[in-house]
Amino acid sequence: MKYTVMVNEGPYQHQSSDSALQFVRAALEKGHEIFRVFFYHDGVNNGTRLAVPPKDDRLLQQEWSDLAKEHDLDLVICIAAAQRRGLMDPDEAKRQGLDADNIIEGFRISGLGQLIEGSIQSDRTIVFGD
Amino acid sequence: MATKKFMYVNRKAPYGTVYALESLEVVLIAAAFEQDVSLAFIDDGVYQIAKGQNTDGIGMKNFSATYNALGDYEINKLYVEKESLEERGLTEDDLMPIVWEDEDDDWAEKPSIRIVSRAEMADILADQDVHYSF
Chain A
39 MKYTVMVNEG
49 PYQHQSSDSA
59 LQFVRAALEK
69 GHEIFRVFFY
79 HDGVNNGTRL
89 AVPPKDDRLL
99 QQEWSDLAKE
109 HDLDLVICIA
119 AAQRRGLMDP
129 DEAKRQGLDA
139 DNIIEGFRIS
149 GLGQLIEGSI
159 QSDRTIVFGD
Chain B
20 MATKKFMYVN
30 RKAPYGTVYA
40 LESLEVVLIA
50 AAFEQDVSLA
60 FIDDGVYQIA
70 KGQNTDGIGM
80 KNFSATYNAL
90 GDYEINKLYV
100 EKESLEERGL
110 TEDDLMPIVW
120 EDEDDDWAEK
130 PSIRIVSRAE
140 MADILADQDV
150 HYSF
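Same order as they appear, the protein sequences are chains A and B.
Take 39 as the starting number for the first sequence in the numbering used here and just add one per residue.
Take 20 as the starting number for the second sequence in the numbering used here and just add one per residue.
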């Protein structure tokens, strides 16, 4: 089955990101296709490369990034939500005249249309949120 | 592109968190995709379409007028759960009179809000292809 996954909460504060990550891993293991993972609301914070949790804790952003690399996943951060929360890729940072970017490898920033298109193209949409 | 039934489930109060505002932003973008769009208002979500919202004291944007514009995007199915209203001491009169213009009926203004029971809401939700929960 083809899935689009929506992640609506940031890492650590809520379990949604962990659950989504585990769902995506399990779906891939069972041979399903993950068409896209779309990060919205505080979920965009799953795409920062500047998180440094304590060493005995998981690094969720890196886990998403590694999984994307391994399975060629399409991880999309909503641009409108990202702009509010200070998530920038190099292009967007330049466009906004900012002096830094902070997106981790494996994610890309794009519009809400990517979510709708994902839901149209996929058999199921699964939302992980509060 | 295939047409699917999209349901936006709004569960939270309009202010206090950003869910309602960002839900509405998805709805407006989605309108361009010509899908079958419905909105559900349950739990504190019913406050999102309450009349007379005023955010002067809290420094947040009052975006309630946007719900009135949904009809222009051919979004005219706003289901409101009766029990959620009652549990909060609200009636339909406490909600904004959101309407849409029916071009097949000489642009007559018709109500977009449909008050439904919890049981009816369950059936409506079951009938959708895609649910976004906010």
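Hints were generated in silico from the structure; no laboratory data involved.
A portion of the hints provided could be inaccurate.
[As the list claims (entries may be wrong)] Here are some chain B residues the structure puts well away from chain A; computed CB gaps all over 10 Å: (1) A21; (2) E41; (3) E44; (4) A49; (5) A51; (6) N73; (7) D75; (8) Y98; (9) K101; (10) M115; (11) W126; (12) A138; (13) E139; (14) D146.
[What the hints assert, rightly or not] In the PhoX-like style, the derived pairs of lysine-lysine whose C-alpha atoms are separated by at most 25 Å in a straight line are: (15) B/K96 - B/K23; (16) A/K40 - B/K70; (17) B/K24 - A/K40; (18) A/K107 - A/K40; (19) B/K70 - B/K96; (20) A/K107 - A/K93.
Where is the CB? At the ideal position from N, CA and C, for every residue including glycine.
Status of each hint after checking the structure:
no. : hint           : in the structure
1   : A21            : violated, 6 Å
2   : E41            : violated, 6 Å
3   : E44            : violated, 6 Å
4   : A49            : violated, 5 Å
5   : A51            : violated, 7 Å
6   : N73            : holds, 23 Å
7   : D75            : holds, 22 Å
8   : Y98            : holds, 18 Å
9   : K101           : holds, 25 Å
10  : M115           : holds, 24 Å
11  : W126           : holds, 28 Å
12  : A138           : holds, 23 Å
13  : E139           : holds, 22 Å
14  : D146           : holds, 15 Å
15  : B/K96 - B/K23  : holds, 15 Å
16  : A/K40 - B/K70  : violated, 41 Å
17  : B/K24 - A/K40  : holds, 17 Å
18  : A/K107 - A/K40 : holds, 19 Å
19  : B/K70 - B/K96  : holds, 18 Å
20  : A/K107 - A/K93 : holds, 23 Å
Consistency note: the structure conflicts with the earlier hints numbered 1, 2, 3, 4, 5, 16.
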